[in-house]
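Construct all of the structure, not just a fragment, from the sequences and the given hints.
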Amino acid sequence: MRVACILLNTKIPISRIAEHFLRFSPQICVSKEALFVEIGRSKSLFDESIFVSKAKRLLKKLNIEAEVRIAKDITDSLAFARFRCDELKKLPLNSLHDFTDPFDRDPALRKSVQNLINSFQNLGIKNLDQFVQLPVSDLISRFGIVGRFCYQRVRGETLVNWPNWKPDEIIFERKEFSYFEFYGELEPILFELKSQLDLIFLRLFVRGKRAQKMEIEIKCEKISTHPNYIRKFNFNFFAPQGSTKGTLRIFKERLTKEFEKNPILSPVEAVQTTVIKSVHYEGGQKNIFSNEEEKTEQINSLHNQLIEILGIENVFQAELVEDRRPEKSWVKRFDRPHEAQEKPVNVSDVIPERPTYLLKKPIRIEITAGFAHIRKKRYRILHWDNVVEKITGGWFEKPTEELKNVFDRNYYHVEIEGHQRITVFETPNREYFLHGYYG
Amino acid sequence: MGNAELLTSLREQIGSNQVQDREFWKAPLLSSGVPKGIIVELIGNAYTEWLLQFFKEHPENYIYWCERDSSVNPTAIYQRGINLERIKFVITGDELQQPLRLALESNSYPFLVAPSRFDDVKIFQRLHLLAEKSKSTLFFLGQNKFSQAWPISLQLEINFSSDGIKINVHRQKYGVNK
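Protein sequences, first through last, are from chains A and B. Okay, so the first sequence: first residue is 0 according to numbering that gives the first Met the number 0, each after it adds one. Okay, so the second sequence: first residue is 0 according to numbering that gives the first Met the number 0, each after it adds one.
Keep in mind the hints are simulated off the structure, nothing from the lab. The structure displayed is predicted, hence computed values, not measured ones. Where a beta carbon is used, it is the ideal one built from N, C-alpha and C, also for glycine. Take these hints with a grain of salt, some might be off.
[To be verified] Below, in silico cross-link-like pairs of lysine-lysine (DSS-like), each with a Cα-Cα straight-line distance of 25 Å or less:
no., chain 1, residue 1, chain 2, residue 2
1, A, Lys251, B, Lys55
2, B, Lys165, A, Lys294
3, B, Lys144, A, Lys375
4, B, Lys25, A, Lys294
5, A, Lys71, A, Lys89
6, A, Lys342, B, Lys134
7, B, Lys134, A, Lys294
8, A, Lys256, B, Lys121
9, B, Lys134, A, Lys244
10, B, Lys132, A, Lys244
[To be verified] Footprint (simulated), chain B over chain A, 3 or more residues, beta carbon under 8 Å:
no., segment
11, 58-67
12, 92-100
13, 315-323
Spelled out as structure tokens, the structure:
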């Protein structure tokens, strides 16, 4: 057995890289940071040096930094790649982690092995050559089963099981049109997309999955006046999609906007829909006593469409936070719609009643005897509530520095003519600002 | 007594009141209630306060709250006894019609709130049909004047007064809740 280890220095989903190495061997497995390719049975196709050069070229093409090493087993190749060494005996004692837990699955084992490494380093044992020369009986008496396990792994007496890895299944539907069938109008494309989505969702349903990311590719005839003849649209759904109706609406939104901006100038040759990422979904039989599940699905589908039209920042739930300033007393929440929130503090007990509307920026107003001057208009004050809410802060966070965001406001509730109620605050400079109104 | 109430009482006197088969929401300070599946227009300086009292009376239902820019204060809404989990806030900018249409078509929101920005009666007609189908009540928050569009079934002027909130019914197509 000859195993090539590709230890990645770049953070990237390893499964995506592993697919590219299927050209060398079908026997591949992946860990959190490395992928392993069994190349012993492919030696009549290429030798090891050719594999290394081809792998490096491939990684360079993919813009990935990685260390490639070949050895007789997963553990050896991983240790060689990590410590950039080709001799087992020269490997430092720290490489014992790669021998005992190459897939980084057992934190308890790693802790025990680290204790063993620390003890031996204190005794002056620095590398594996010195380690394997120790009598195995001493290892067992001092470190028990962990000591024996390390010894056996380094000497290659026990092998690591090869975990199963399969490339992600790609679900896609494609339709090629006969020549000059139509000139890229939206309706026929949507009609085709609908039938493709029907098939795709059927395929996902039987697998117990839903689409999280999808891609549409529209290929047009290549002509000199139409440079962008292949159009790709990527969709990353807020909530996984399981039905054609909702998904098609999202597609329609995007395609309508895109076709308005960049019309298609040559006949459409093919339309392809691909599921880039799918997620597991607990399906099961429909609950005939409750339609809660369908409702949630409808709301998620609507949420997806709104995000597509208005952008994620414009569709939100509100959550209260503990800040006295009216404008900072709540935050936007963009996660799942209508999901239960943590119970907020009982604000009614803590703060006085707030106005229903807040101005984006407080407006400077003038208060004269019995009148409020707002935007050059004079309003008679009917009632000035003497209950003051004092909001101050910022200064206590960095008391020695001069801060810009220090605030010191005295809030008053005022009723002006027409029984309009407003909220006014006064600063230490005796300036008045309109901050909100009751509506 | 507003025009609509006067009309209803006169109809009652001559016995020509049509029997309504509509479902109604119970509403504070409005004995007739608010029919389901209609467009309501509100003006005045206390409509949001009244609307929040109305939503408080129906705590099970989700609310879809559209605004041009974010100006409504969620803290105030919570203080009026409404759970914020119920409300989906949507900042529409100039694109109001489509988000409203999608929400009505989804049948998920019994209450929708939006600024009154349409002039075209066809848009009101379209929204009215969708509201009727989904049995959602769409509240348009107006500024100073009521719209003349006929698909608006209920128009209320709600103001603060020295006695609290006062409602004047300007138009009431579906009459009193029987």
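Taking the hints in turn, this is what the structure says about them:
Distance check on the hinted pair: Lys251 (chain A) and Lys55 (chain B) sit about 37 Å apart at the alpha-carbon level, beyond 25 Å; violated. Among the hinted pairs, Lys165 (chain B) with Lys294 (chain A) is inconsistent with the structure: their alpha-carbon atoms are about 37 Å apart, more than 25 Å. Only pairs whose Cα atoms come within 25 Å are accepted, and Lys144 (chain B) paired with Lys375 (chain A) is accepted, the gap being roughly 23 Å. At roughly 24 Å between alpha-carbon atoms, Lys25 (chain B) and Lys294 (chain A) fall within 25 Å of each other, so this suggested pair holds.
Using a Cα cut-off of 25 Å, the hinted pair Lys71 (chain A) and Lys89 (chain A) holds, with the two alpha carbons roughly 16 Å apart. Restraint check: the Cα-Cα separation between Lys342 (chain A) and Lys134 (chain B) comes to about 31 Å, which exceeds 25 Å; the hinted pair is violated. Our distance criterion of 25 Å between C-alpha atoms is met by Lys134 (chain B) and Lys294 (chain A), whose separation comes to about 15 Å. For the suggested pair Lys256 (chain A) and Lys121 (chain B), the alpha carbons sit about 23 Å apart, so the restraint of at most 25 Å is met.
The straight-line distance between the Cα atoms of Lys134 (chain B) and Lys244 (chain A) is roughly 21 Å, inside the 25 Å bound, and the hint therefore holds. Restraint check for Lys132 (chain B) and Lys244 (chain A): satisfied, since their Cα atoms lie roughly 18 Å apart, inside the 25 Å limit. Residue count for the segment 58-67 of chain A with a Cβ under 8 Å from a Cβ of chain B: 0. That is fewer than the three needed, and the coverage hint is violated. Under a criterion of three residues with beta carbons nearer than 8 Å to beta carbons of chain B, the stated coverage of the segment 92-100 of chain A fails, only 0 such residues being counted.
Beta-carbon proximity to chain B at under 8 Å applies to 5 residues in the segment 315-323 of chain A; the threshold of 3 is reached and the given coverage holds.
The earlier numbered hints that this structure contradicts are 1, 2, 6, 11 and 12.
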